[in-house]
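Protein chains in written order, with the working numbering: chain A, 1 to 352; chain B, 1001 to 1796.
Among these hints, one or two may not hold up.
[Unchecked claim] Simulated restraints on C-beta separations:
1) B:Ala1526 to A:Arg134: 40 to 48 Å
2) B:Gln1501 to A:Ser349: 20 to 28 Å
3) B:Glu1730 to A:Ser349: 58 to 66 Å
4) A:Leu95 to B:Pro1705: 27 to 35 Å
5) B:Arg1565 to A:Ala114: 24 to 32 Å
6) A:Ser110 to B:Ser1700: 53 to 61 Å
7) B:Arg1212 to A:Thr215: 32 to 40 Å
8) A:Ser349 to B:Asp1306: 50 to 58 Å
9) A:Lys279 to B:Phe1069: 52 to 60 Å
10) B:Tyr1708 to A:Ser110: 50 to 58 Å
11) A:Lys279 to B:Ala1526: 52 to 60 Å
12) A:Thr254 to B:Pro1424: 35 to 43 Å
13) B:Leu1419 to A:Ala114: 54 to 62 Å
14) B:Ala1586 to A:Pro109: 51 to 59 Å
[To be verified] Computed cross-link-like contacts, BS3-like style, restricted to lysine-lysine with a CA-CA straight-line distance of at most 30 Å:
15) A:Lys66 to A:Lys42
16) A:Lys66 to A:Lys47
17) B:Lys1636 to B:Lys1529
18) A:Lys281 to B:Lys1149
19) A:Lys55 to A:Lys66
20) B:Lys1002 to A:Lys287
21) B:Lys1784 to B:Lys1636
22) B:Lys1149 to B:Lys1006
23) A:Lys287 to B:Lys1006
24) A:Lys76 to A:Lys46
25) A:Lys230 to B:Lys1428
26) A:Lys42 to A:Lys81
Note that these hints are calculated values from the structure, not bench results.
Even for Gly, the Cβ is constructed at its ideal location relative to N, Cα and C.
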Amino acid sequence: MSDARPSEAPSLPAALEAIGETFPARFRAASSEALLREEKAKLLGKKGDLTAALKIMGSLPPADRKAAGELVNGLKAAIEKAFDERLGAIEAEALAKELAGPAYDLTLPSRAPAPRGHKHPIGIVRDEIVDIFRSLGFAVHDGPEVELEEYNFTKLGFPPDHPATDMQDSFWTTGGHLLRTHTSNVQIRAMLGKQPPFAFVAPGTVYRRDDEDATHLPQFNQLEGFLVDKRVSFAHLRGVLAEFAERLYGPGTTIRLRPSYFPFVEPGAEVDVRCVFCKGKGCPTCKGTGFIEILGCGLIHPVVFEHCGIDPQEWTGFAFGMGLERIALLRYGIEDIRLLVENDPRFLSQFR
Amino acid sequence: MKASHKWLRELVPALPNDPQIIKQTLTNAGLEVEGVHRFGAASSSCIVVRVESFKPHPSRSGLRLVTVFDGQGTREIVCGAPNVPEPGGLVVLAPLGTELPAVNLTIAPRAIGGITSEGMLCSERELGLSEEGEGILVFEPGFAAPGTKLSEAGSAFDDWVYELSVTPNRPDALGHVGLARELCALLAIPFDLAIRNAGAPSAGGTEAVSVRLTAADRCDHYAYALLSGAHNGPSPLELRLRLQALGSRSISKLVDITNEALLLFGHPVHAFDRRKIAGDGIEVRRARAGEVLVGLDAIERTLVEDDLVIADAASAVAIAGVMGGLGSSVEGATTEVILEVAVFDPRSVRRTGRRHAMHTDASHRFERGIDASDTDAVRAWCIDRMVSLTGAKLVGHGREGRAEVQPNQVTLRHERLELLTGAPVPWKEAQEILARLGFARLSGDSAFALFMIPPHRPDCSREEDLIEEVIRVRGFDAIPAELPAIRPAREVDGRERFFRQLREAAVGATLHEACCYALLSPEKLAAAKAPAATVVLQNPLHSERSVLRTSLLPGLLDNVALARRKGERDARIFTVGRVFLAGEGALPAEPMRFCAVLAGERSAWLTKSEPLTVWDALGLAEGIVDRALGLRVTAKPANHEAFHPRACGDLVVGDVRVGSFGQLHPHVADAFEVGRETLVVELDVEALYALPARNEAIVSLPRFPANYRDVALVVPETVAAGTLAAAIREAAGSLAKDVVLFDRYLGASIPEGHASLAFRVLYRADERSLTDAEVDERHGAVLKTVHERFGVAQRA
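In isolation and in its complexed conformation, chain B is listed as follows (with noise of 0.2 Å):
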């Protein structure tokens, strides 16, 4: 919303004069003014010049020499504008040093073709009024003296706008007497207005046209007048340039009124030519089905049962509280105006408004609720204008719908206003300050008050309504800081803290924690060998975020990708998150999940880097789940879809699976972009959650010494080395406490297809020492077992 400074002190003279006071005042109280801008900066600088006479340029076609007097002596101006006005005419002069920042140009003594001109004369947009900048700017003989300051020469060539931020609960801002009654109350300045006292015309009839309103839940409040004998054309220029500083383009006078109505009272009201109106009258109805209307914007419309419409006995010719149609639209000929001032039902405005894709000035306001008390006002007002400006005659006029606005009464207790405010609230000032907002005092006393809400504030209708109205007005600084004692709410339970664990676990694990996108492509996923989505957005801003992910994979190795292309090959990123699955309720399920890809190579000193392996995917699950949860998690083979089916694993804990990890499959690399050798960790976080607390009490320390015998084994590749390792647990019986694999090798002295694989076997028993003799026995059982069992024996 733009207002304007003039405007505004023309309605209430005693407003300060001072923009920054007004702004400050405003966004103190809620109404935020985002910027003051001026508008015709230049015009405290340029003059009202008369033209003398005219002569081309003796060497450059196309320009003049214009004498001009400028109220005391005559100056000769290079011109190149085609409609220097004749002898006698005025026009405005930029005098020499002048600035026109609306062109970015400051007046310099300059020779055109060998002759300096004294100064520019000036079009509307280099003086920054408007767009036009065909040809000068030219006033009528007598409108000025000549000298006289352009600013001087009307108001509305020199002016401050405020451009407002305003919430939808404040509909009585988007106007200015809206604005200016909220001034007033701020600032305890009386606001009385004639202009919002009108009652409905004396003169003229009631039944020059016939107003029918069919769907009184939508429109129940009608006001109208016919107006003819009209003369339309270009506004004068006082309202053109009050309509273009306020960001509204000039059209004709009768539609030109119809927008200042609607900047003055922020109430939208509508011009029809009546002779484009066919029939005796209109109607105020719902839409048929397939019926079709051609806006103001030339656009085609089909409507549904819920838009409601203003029709005359053939069509609708207008979108009720939205736009007008083009059919029964106002035009430089019209002469006959049916002026409509009406009440539309807020929700259904906005449903149409969406339901078209459109937002108008008129919309804007309806759909925020208007003041519905002030219609005949208003048409007064218009049709004053009217008369005034186009010489039309009042026809007749009438209203049909309900004539009065019940308002609400709302009781304010002093007792609950200090509690919400949380310190001492003079009760007087607290009525004075509903008082001068326009809340009527109906009855009352020391503890509580009776007030009428007044009509222009439909966001009001309870005591906490009030509440807010005295604090926002007395301002936020007159309440202390003051901190509560909190009583804390339980912890509903601990994911925030373990979720947090699992990240610094992560973090501690060398992964840098990544953000990603929940919205994705349904392609991204299916790349990504994820199931397909659940969530599918209804209105998506663009195919490539469409769904919510079912996997943390494709966002991450979307990053990946991203990285590499920008010249990062190595990358070790990890995220929290929720995927969204099929739930069992009206809603997805959101579980949570943990995923980590790394990309690149481990970095070794000094001297070759190594390429990542699997094993460094599985050692990087076990160090995560061990630092977040203390627990250990093992490998179990598993084939899963997004994975190279030879480098893919589940991780377990005890028996509950957790997680997988592996190596990207070739296919998803090759999809995704990202090397073949990218590998990836899943966890499900909320296995991992819901596993039982690791029993915490400490395992007494060993009293006696161990003995370790190593074995080492020729096997196929095919003979997994933790299989064997099981069995070399399960032979060396109780008294083996550990069995670690420490070295693998495969090479020229080992037969092809196999790999010496050698164990160490850690031997104690908990109660007395063992004897050489004791473990060697037992070690000899060992090795009898692996040998029967897989048919290898010892390697020499």
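One chain only, chain A, in its complex shape (with noise of 0.2 Å):
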């Protein structure tokens, strides 16, 4: 201590044998690292009592210096040591105790880096569907949405004034052209000047002039598909289909085809899957038939290959279209499809 420091120096091994008596129980006092270290401080430090001991060094005669210089040493690596240890001991009944401590309350909400996002609906559908039949070999192609009624209707051999456009009412535009009302456009906007071999699916909004209500909205999602090369068969048809059903909804999954009549397909069929909720044992979803229609096809018609200046003798290809609408409310149980174009935050987070 500085204030103790005596007029008369003492002498040096006397000084030493002060602090190594001393410095043990001032190590262990030290309750913590901080005071630890303080108490080193005091000892080892520039106004430390070792370093003031020392000093008495330089007016030792030359033949004490050396012997001195050991016990001087010797002293530092005892304190050193002493300090590691004690530090040792500090570290390790803090750690204890932590150790010890009550557990943290896990109850406590979750601190999530970021709320997550969801895709619609539609939008996993679509992309579910556009990946098995890129999978398969089909590419993706579009086509516009207000379009001319050549390549809507009459290109896809729609006769003209005939009942069959009323299966698809339209809606007209002030500049004479209408919303697309299938996607069966891009058929055409694909064909039209080009030659066959054509692997297509081309998903897209629609839009037919009918009430919104829980079943039915003016505006909705489809997803076009259509092959053509040399030899295409309606087996292709079934095959191609057959495989996307059980792509879709899991092996085994079966589908049923029924004659239907769109006008740019020939022979049309209707598709039915095993219904996927009863394995086509009968249910509510399926109204007690055993299969849900979901999809329309067929061969392409030769009049919209004339149309679209291809050999309908040397080429031949099919189509199939299906409403994405049906297949996402089938899929989640949805029961009233205007939910699909609110868009509620609360909806919306419920999808994968």
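These two chains come separately, so use the hints to put the complex back together.
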């Protein structure tokens, strides 16, 4: 201690002895790392006790200096060792205390990096179906939503003033065009002026003049697919759709085809999949029939090829179209189609 | 189209008597039966009884006690009907326990005024036979022996009715004859109906009425007959019930016969009251512009020249193929009738029907194309029916226009049939199927055959049509499933993938994907300060959905407002879709856009949520573009009408504007009833798609350590942090690798209108370690520059 410094210098060995006797107790008394370091500084720091003792060394006769140096170094090593031991003990004690503390309250709400986003059910279904057809070798194409009557109807073989157009009641623009009633306009857009082979799917928005209610929207989404090559047959159409059904609804899902009519295909068919809910036994979803209608299809009508400058004797093909809303409603058990356009966050956040 | 099971079996008794078999057979062949309904379900449990006597109910006025004889004994029935017949009259009794599904009633013993009725005397309505519920059903004496089950007293009391959804290509299935023919073809039953083979009548003159066809392109085939001495009046019960079962209201004998003919042959016919026709003849002509006609529905319509009419000497008396005129219509007192069996141009009928918003049983058939070869048969059948039901006499008949219909001929190749089927199809079987459907084989060998298209199949005109018939009748189950070897088409462009990347980036950036209406109102666009619509609908459903959007914003704001009204104030939604703008060609441009709307608060952990700020919108935009494209987007001050003037910026990548962001303008927020703190990010997807691909080569990692120096500056708030940062970067030179604003402070120790901005500058050389002295010197230059340029000094 500086105030304890004697006016008459004590002998070095005596000073060292005093330090050697007191430091273990001082280290033991230090209850934290900070206090311990403080004590160590009082010994070995610039104004520390040992440092002060060393100053006496200079006044010793040269013959005594070596022995004194050994004494000093020995003491210094002992202090360092004691410090390390005491520090280890303090750390171990702190860790033991920390480990023994009360458990954290894991019932507190979690701390998410950010709320997560969700795809729209139509987007989910569309992406999944596009991926299936891509993996089968179909590319993705698109066409305009405001379309020429010629591409939406005429070139697809809808006779003028024919009730077939009643199946697709249209919105007309003041410019004399219409909002496409199906994605089949993409067939014309993709084929016109080009030569096969073609293998495309085309997802897109379509419009029909249906009043909005629980099962209808005037605007909805379809996915069109078509394949044109040499010797494409109805068996191929069946093969692709059977593969699609199994990939979308799981292995073992079977399909059933019934004849139907769409002006741009012949023969035309409606396709039912075996009900995925009751596996064909009959349930409210399939109205007891065991099957659910999901798409329309057929071999491309030769008149469509002719309208696109393609020789129907050389090339044949098939086309199919499905409504994405219907597939989404069935999958998620959505009973009112209007939920799909209301976009309530509490609705949207339920989808993967 | 409704069809009667009994009627079909009357035409072809060999048809199976099981409605489920008929239903499946038709549905499997493309004539979808949507339902099969029992008509007169109660008829098999109700019996015909004879009224023996009746007397008033002892305690209830208006009720009577009727004693009836049921073939074995008498019963006493309490009856409130006003029309109980005199003793000897026949009525229908529902005995105790009978179910009457039409009125949802089961007859149970019940005391009425102290007297228990032994059943109920029934009206047609209670029996489910018609809507007639005024009085009980009464038969003439001798109709049936008392005790006979109602279902056995006449064939019309009990039937199955098929609800068919007939596709527009099959007009032949819109009549019972056609359905019977189809069923026979499908079930391999011979089909030969005598009523189809009748020719022109042998009696009667041919000049009784003159007919002129002056619009031959619209009507080139008109057969007619004149009958007189008819006693019109209510139809007999069987006819009445047959029409009722098929959804057609009974009017009078003459009218009902025309409706019966339509349901039987699928060929609409019309009857005019001869005495209401001015002059000696009728003309089939185009309407005169402005000509007025009151239809049977009592609605007056002003016609145009594109309409085809039947006219007498004075005026139009019917709209050809659509509806008769009220002024020439058959009434109860009608005695003289002109019967019309004609063929009208399908397109003309369709245009007229649509123009005047009329869709009738007649127009429905004419616009699909009817069998022009059966006019003789239909006329003969109608004449016979009118003669026998009304006592009328045939006065005369005639025909204008072509007599013969020239059938098409089509060649079918066996090889083509198998190619399109994708499986072997026995050639003999294929030809037999076509023969059964009425396609007569004219010639052929083992490779091809020439067929005549029957006149009832206007939908068939080429080889593929015959192939469809063969495939359809054989059934799709006969075709195997085979995966084709797909030669993939080249992806036209990668847009779908790109859109998906963008959508997934937005989802990754915590947004919910929305799917919005593209149809909305001009007012909504205006309220969102979007450009005026360029695509306007001629025939919108209503004004709220009358134009196509020019911006995605109003749709999303509507969604946010709706959710808000339902109590959900937080919304983080986006949509990727087209907007419709003026295009260069005939059609509008349909560029893809991205829009996101953020409303509500940014949640914090176990402490108060913070309001969202415009920097949240910027961060979102940065995150999305980075996730989708790996590109860095930056903000530039901008001014857009929809945004708050103080919180609006453009988003740029390099020099290319790719979108904008900001806080919604209070006017817009108020108009949509969303919160004023609502934030928006709009991205021009086309601009993003057109950006040059990001250089994907990596940058090598630094080999030498970095040194940091901080600088805190107190500047007026009008000095943009970005401007300061740029100045610092410029002054620091090439050794400065990064300049980051890490603290912004406004508060007591800072003068009013000022902010303290603290930047950290990272210095590093690529090829050596920098010394402290070097960095200090460079940093000193930075301080000097900002002081000189902005007049600010480093904060103490």
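### Query
Going straight from one Cα to the other, do A:Lys42 and A:Lys81 come out at no more than 30 Å?
holds (16 Å)
### Query
Holds or violated: 24 to 32 Å for the Cβ distance of B:Arg1565 and A:Ala114?
Holds - the Cβ-Cβ distance for B:Arg1565 and A:Ala114, about 27 Å, lies within 24 to 32 Å.
### Task
Can you let me know if the beta-carbon spacing of A:Lys279 and B:Phe1069 is within 52 to 60 Å?
With a Cβ separation near 57 Å, A:Lys279 and B:Phe1069 satisfy 52 to 60 Å, so the hint holds.
### Message
Against the 30 Å threshold, does the CA-CA distance of A:Lys76 and A:Lys46 hold or violate the hint?
### Response
holds (14 Å)
### Query
Within 30 Å, alpha carbon to alpha carbon, are B:Lys1149 and B:Lys1006?
holds (17 Å)
### Proposed proximity, A:Lys47 with A:Lys66 (alpha carbon, max 30 Å)
With Cα atoms ~23 Å apart, A:Lys66 and A:Lys47 stay inside 30 Å; holds.
### Query
Is the gap between the beta carbons of A:Lys279 and B:Ala1526 within 52 to 60 Å?
holds (53 Å)
#### Entry: Pairwise hint evaluation, A:Lys287 against B:Lys1002, where the allowed Cα distance is 30 Å at most
Holds: B:Lys1002 and A:Lys287 sit about 21 Å apart, inside 30 Å.
### Straight-line alpha-carbon gap A:Lys55 to A:Lys66, limit 30 Å
holds (14 Å)
### Message
A range of 53 to 61 Å was offered for this pair. Does it hold for the Cβ distance of A:Ser110 and B:Ser1700?
### Response
violated (39 Å)
### Message
Check the hint pairing A:Lys287 with B:Lys1006 against an upper bound of 30 Å on the C-alpha distance.
### Response
Holds, at about 27 Å.
### Query
How does the Cβ-Cβ distance of B:Arg1212 and A:Thr215 compare with 32 to 40 Å: does it lie in that range?
violated (50 Å)
Hint compliance for this structure: hints 3, 6, 7, 10, 12, 18 are not met, and every other hint is.
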